[in-house]
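Participant: Sequence:
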Amino acid sequence: GNMGVMTHDVAEVLIRYMHSEQKKVNNRVAAVQAFRLSKCNREVTQKLVDFAVRPGKNTEVRIAAYLTALRCVDYEDLQTIVTKISVEENTQVRGFILSHLLNLQETNAPEKERLRSLLTNILIPDNFERDLRKYSRNIDLSYFAPSLGLGAEVESNII
Numbered sequence: 001g002n003m004g005v006m007t008h009d010v011a012e013v014l015i016r017y018m019h020s021e022q023k024k025v026n027n028r029v030a031a032v033q034a035f036r037l038s039k040c041n042r043e044v045t046q047k048l049v050d051f052a053v054r055p056g057k058n059t060e061v062r063i064a065a066y067l068t069a070l071r072c073v074d075y076e077d078l079q080t081i082v083t084k085i086s087v088e089e090n091t092q093v094r095g096f097i098l099s100h101l102l103n104l105q106e107t108n109a110p111e112k113e114r115l116r117s118l119l120t121n122i123l124i125p126d127n128f129e130r131d132l133r134k135y136s137r138n139i140d141l142s143y144f145a146p147s148l149g150l151g152a153e154v155e156s157n158i159i
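Residue numbering for the sequence shown follows UniProt numbering, starting at 1 and increasing by one per position.
Just so you know, the hints here were simulated from the structure itself, not pulled from any lab data. Being a predicted model, the structure only gives us computed values, none of them experimental. Cβ atoms here follow ideal geometry from the backbone N, Cα and C, with glycine treated the same way.
If you anchor each label on the Cβ, the simulated ranges turn out as follows:
1) G4 with N127: 33 to 43 Å
2) Y75 with E106: 10 to 20 Å
3) I122 with N27: 30 to 40 Å
4) R42 with E111: 19 to 29 Å
5) D126 with V10: 33 to 43 Å
6) N27 with G56: 15 to 25 Å
7) P110 with N90: 24 to 34 Å
8) S147 with S20: 44 to 54 Å
9) E113 with T83: 22 to 32 Å
10) L148 with K24: 42 to 52 Å
Throw the hints in and build the complete structure from the sequences for me.
Facilitator: Dropping the structure here:
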């Protein structure tokens, strides 16, 4: 993962580990994050999206799967995420993912342009709990001045 190369067998082991409820949560999150630098693989992306939107799974692992999958998602994946998370009962997962997607729609950070473009025609609900003291959330403040070639971004994930 860190070298950007991953075999199918290694990917399968990491996906199984992500699903292993008896393993420590921080190790399961690390297994998911091992995909962060690997080449996009449709099968892996689909498994990460499926896990992220599956009720009853651990909140931290679901959010990690969502964030990791975002690098490689397509329009249909984003529609699936929005549709399923819109009716999600876990307020932590719902609040984090919806706030993150809304921030992606509004950011002007150049590195997030692909996702912003994919989200253009997707209606994202904004009816989620916003109390930062109790609920997970993504916060993103960005500014980019194309004429100067300068920008700044501050992003925080509160889980």
